[in-house]
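Protein chains in written order, with my numbering: chain V, 1 to 430; chain F, 1001 to 1305.
For lysine-lysine, the following DSSO-like pairs were computed, each having C-alpha atoms within a straight-line distance of at most 30 Å:
{"hint": "1", "chain 1": "V", "residue 1": "K325", "chain 2": "V", "residue 2": "K241"}
{"hint": "2", "chain 1": "V", "residue 1": "K241", "chain 2": "F", "residue 2": "K1089"}
{"hint": "3", "chain 1": "V", "residue 1": "K430", "chain 2": "F", "residue 2": "K1211"}
{"hint": "4", "chain 1": "F", "residue 1": "K1129", "chain 2": "V", "residue 2": "K19"}
By construction, these hints were calculated from the structure, which means they are not laboratory data.
As the structure is a prediction and not an experimental result, all values here were calculated from the model.
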Amino acid sequence: MTRILAVAQNELLGLLRSKFFIVGLVVVPVLVGGVMAFMGYASSRVDREDRHFGVVDRTGVIYPAIESAAARHNEQAGSGMGRSGPHFLPERLDAAAPNDEDLTARLSDQVRRGDLFGFLVIPADVLDATSTAPVKYFSANTSYTTLSSWLSSTVGAEIQRQRLTRAGVDPVLVARLTKRVDVPSYGLVERNADGSTTSARQVDEVQRFGIPIFFLVLMFMSVMSNAQHLINTIIEEKMSKISEVLLGSITAFQLLAGKLLGIVGVSLLLALVYLVGGIYTLFNLGRPDLINLGLLGWFLVFLLCASLLYGALFQALSSACSDLKDAQSMLQPAMMGLMMAYLSSMMVIRAPDSAFATTLSLIPPLTPFAMLLRLAMPPGPPIWQVLLSVVMLMGTTTAVVWAAGRIFRIGLLMQGKPPNLPELLRWIRK
Amino acid sequence: MPTPAVDVRRVSKSFDGHRAVDDLSLMVPEGAIYGFIGPNGSGKTTTLRMILNIIGPDSGSIDVLGEPASAATRDAIGYLPEERGLYKKMQVRRLLRYYGRLKGRTTAELDPVIARWLERLQLSDWADKRVDQLSKGMAQKVQFVAAIVARPRLLILDEPFSGLDPVNADALRSAVLELRREGTTIVFSTHDMGTAEKMCDRILMIFQGRKVLDGSMKEIQAEYGHDTIRVALSGGLSALDGVAGLESVTDHGNYQDVRVRGSANALLQQLVTRTEVRHFEIMHPSLADIFIRIAGPAAATEGAA
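Can you make the complete structure from the sequences, with help from the hints?
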């Protein structure tokens, strides 16, 4: 056992120092966090211009609403260094022109000269309920939608308000009567032992998608972050005859067991760092109610099995190859399988209680992903399905580790062309 | 009779129908330096791997230090593979500790041994450097320390001196002799016949998976007799043209080693009539000569036939 621990310690230290782990643990979160922070910062800093635009208001009654809405907008955007958005500066323009074409041509010239950013033409009969004449916005910068969107909602709301008033309808009452009706989702009311009830909890997006996806990505990342390092180490050991020295001291199974232990250690460490980060985030968001200790326990069980299963598979296949290129080709099907497991789990999110999701979660290589998702999504699968999947997963993991040990024993000393599937099966039976 | 360090009895091993080792028996006396020679692919490495219990024989049995070869006997064996066997990115001291721990030793037991041998081989200043920062000679010496760090009773060295400059080769050679004086049994495979002749108490040669030589240098030479004559002629190699009874001529430039079918006297009589004979010595064949006779092109042709 001490020798297995020596190998495990060596693997663990090697993995912790490997760039793959450092990337997985530090660089990815820093990168994602950095990009998000930058996007947040940039979105409030990228557009801090004054947008000076003209308004031709042929109704004569809409402009004041635009002017006061712009003032409110500008106040919200702030000023000086703390300014977080553009300022809209409307200007009422003279509507006198022989026709619309002359007017828009003249104003377009002003935009080209840079006197205006754009201009709005509000037709005279726009307040008539039967009017089909559109309010038109003209600008050289047609890809800039912040101002046009703001104008659309501001002018649209004002026209509606004035039409209602003209028709003798109270706009405030209309707004109240047409208010959007939300249909929030709740879990079920719990009946306690003493006969009292616990109110149902409202389900939100964080609980519905955030938590399951967090666990799914974490599981995938924890398993995958080891793969490349494993391949590199085994190929180095084979090419440099280190494996011969190692096998002169310990058995192939001890070597495999030590390596697997190291992998599991790294996966758990990586997962724990993220879990602690996740829990800290939930506390910060004021949602400690979303921390589910039962789910965490299942996650660790599935992570352990997935690390062993995929770790053993990667090691066995790498050991059968003599160079990195061969190993990468050989591992492609296994990698594809892992990707399939990950991607098919995405479908489980849509209907976690469907026959499709149930079947996926009971296929051992997919269980760590699919069953974990089902567990993370209320109400979760029946307990017998969870237990059955764990038993099947553990059985498969044991079989894969055993077969990997058989392949590893022969593969480590083999040189030359990598074996095909029938040869691998022969090694296992040998 | 004392227990041999290695006792291989009628061992055979095949890979995919090819017989790598064929009915091989050998006995390495405890405390001896035992040389393994043979052409590439003759079964040396397979035999060493079986002694190390990395692979098992198809038939026959192997005892190491009085016990059947097993996981337990591996702890008493140190192994140096040819040229490589080190993690490039690992620090020297950490690597040596790791290899020692795999043999069941603790760090406390290992550290004094590591310090002693690094100093002995002038590597102390490199203890905390990474392996890929070492020269080839230094790496070879580190590999040697890795093989002996767990104080093995049996040390197996595969081409320990290949690629080393004379200074480093001499340092390793004297380290091997020091270990032998301390009681370690040493088995080493080599293609350097001169080193084998000088260092080994016994020599074993494997050819096409079978044992073809086994004994002390004296015994081997006695078996092949005094059939080699070293001559130095003023006419050089060309003076041997047309000499009757010559079986083989090996030209060394300044002198030639020849074998004759008849007597040495008959050869001498022929030579003195043709040229000035500056040197004429009847001697034992060298190990290299014997090797070539057994495994040279003629033998390969016979084997093929």
